[in-house]
Amino acid sequence: MRIKRSMVTLLGGVLALSLAAPVMAQDEPIDLDAATVGPTGEPSTAVADIAPLTDEEVAQIAEGGYKAALLWAGAGTWYNALSKGAQERLAELGIEVVAESEADFDPARQQTDVETTMALQPDIILTLPVDPVAGGQAYRPAVEAGTKLVFVDNGIDGYVPGQDYVAIVTGDHFGMGKKAAELMADAIGGAGKIGYIFHDAEYYVTNNRDAYFKAAIEQLYPDIEIVAEQGFADEGSTQEIAAAMIAQNPDLDGIYVAWSAAAQGVIAALREAGKPDVKVVAYDLDATNDLDMAQCGNMYGTSLDWPYLEGKVMADLAAKALLGQEVPPFVTVEAQSMTRDNVAETWSSNVGQEVSPEIAAALEEPCQ
Amino acid sequence: MHSPGDARPASLSDRARRWFAAVRPDNLIVYLGFLAVVVFFAVVLQDRGFLTADNFANIARQTAMVSIMAFGMTFVLSAGEIDLSIGSIVALSAMVVAILLRETNLIIAVLGALAVGLVIGLVNGLLTTRLRIPSFLVTLGMLSIVVGLARITTDLEPVPVVDETFAFLFGSGSIGPVPILLVWTAAFLVGFHILLRRTPFGRQVLATGGNKIAAGYSGINTDRIKIAVLMMSAGTAAVAGMLYAGRLQGARYTLGEADLLTVIAATVIGGTSMFGGKGSIVGALFGSLLMGVLNNGLLLMGLTVSEQLVARGVIIIAAVALSLREARA
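Residue numbers (this note's numbering), protein chains in the order written: chain P, 10 to 377; chain G, 194 to 522.
There may be inaccurate statements among the hints.
[To be verified] Examples of chain P residues toward chain G, derived with CB under 8 Å:
1) Ala84
2) Gly85
3) Gly199
4) Asp209
5) Pro231
6) Glu234
7) Gly240
8) Phe241
9) Ala242
10) Asp243
11) Ile250
12) Gly274
13) Ala277
14) Glu367
15) Ala369
[Claimed, not checked] Sample of chain G residues lacking proximity to chain P, with all beta carbon distances greater than 12 Å (derived):
16) Arg211
17) Gly242
18) Asp247
19) Asn251
20) Val475
21) Leu491
22) Gln501
Bear in mind the hints are in silico, worked out from the structure with no lab data behind them.
Note that the coordinates shown come from a computational prediction; the quantities given were computed from them, not determined experimentally.
C-beta: ideal position from N, C-alpha, C; glycine also.
Start from the sequences and build out the full structure, keeping to the hints where you can.
As structure tokens, then:
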């Protein structure tokens, strides 16, 4: 009897938790037409508008014997492309890469990475901060030593461009969210019901993309309804989330997922549920999802930035700072879309790689 | 008057009572707890898709890998050891099978991935027994080595699995309404249960974990037992890796990352002692199913990630506390 009662109390507690589910926080409505600006309101510069380094300047840099450290927030296809762009350009500029590390999205790990790297006395640090707030402390040693800091995607709260850091280079996350909404509309024919699987954590990049996608769907595509929303923190859990979504909404036409690795689970869940017509939209290149796209499966399209180019630009901006030149503080790379029609070209231009033989073979067969 | 040695024909009720005493699980409360959770969600989620064949098939698929690894972990914990490297073996074996499927054929790929697991288990076992390093530390170090290898193997890129036969057999297929992952779980359940409860090997494992010195004196080669159980858990992790690759139709170096704690929790909730000497394969299955149903139910209830985490932790602690209380009573 005692056991049963405590069990009931416990389960009652869980029930109470669920009923006390938080009221959806009312955010200010997003202005889709607002220009992308940097964290301190600075306007953005397009990559094409940056003056390239002259041959004399390149020679000057090479003579400087400079050292660089690459400190990323995570790892994977996107980071590989970013790093490749940065390393290639740094090699052309005669700058030696003395360290490369990634922090597995742990701000404490990133702080350790910075501290340890400073022992090698790099002149440049190219980095993606995990946490714009905690990062203020993490990068302090580099700022104080006068190291040229170039950020990608995230900035650091309270840092001043030109003083604490050189510049932020970023994909246009707002634009990517909007492009993802366009892709979704194309995928389901402009009207229908979709599921929204977003990143339930504080991370500037995904939070912005998710928010802009949602705002674009709500404001620009009134015939598309988001009937199910579920957040995730662990990318391995999206398969269960998608399975639950489909079970509860069998007439879903499409599902949006916060990024590519997380989308793989969603595609697997759709396959298991026997739903070949539900279309998935996500971000970034991914060999497995892009194969599904080439095979005319669930994956419809992805919205991309251009990590390879971002890496190159980061290296260039750092070099300009070393030469004492004026550097635009906030540079954005335009968002792109990829569907089955331009898979091969996108892989080649975006990461400088050929598509895998399986993808190439699948692209030969037309969709039914 | 009957003398003590006289045999009496056992009556039907005697036999029935003895059989029931033999199969009655030590920790009945876990099974009751599991039932209570299922009933709770069935009531709360009546119209939200919980009590459907599809949903139960989902739960079966979602828990298969953890269940199979929990069966392996039951042997390891029963022998008084622990294996912290299983999560990384999942990733490495998934990568290996995906790459081998591309370059060679299905048989070689499967054997290759399995061999990877067994070799890692063997190394774990040898380091533990020959160098007398505690298995906690050996497998902790091996975890790091294997994660690094999994990352190096494909330079952090995912590898798709295109072989349809493999995908069907190792995770994506169904035989009628029964997911193939359920067949895998059932096969390992029966095999490992018989191994633990009905073979001398199983008894030796429990003896080694219960009292290593006494086991040694009674002629059991405890070193060989330890190597064997570490190979078994690494082997189940390799199988789980292949099942992930088949289910997702792709391999990624992050696979299995979050599974270690879930596997240990399932095993311990199921009644296996963390200190050795006591183990239950059927209990491990129900521990895994309990957590699978919990995840599934909390998700269907629409809780946010944060709420799910809190609820899950509370319920797991409660289930273990109640089961330990019943065991001691």
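List of violated hint numbers, smallest to largest: Of the numbered hints given earlier, those the structure breaks are 3, 5, 6, 15, 17, 18, 19, 21 and 22, listed in rising order.
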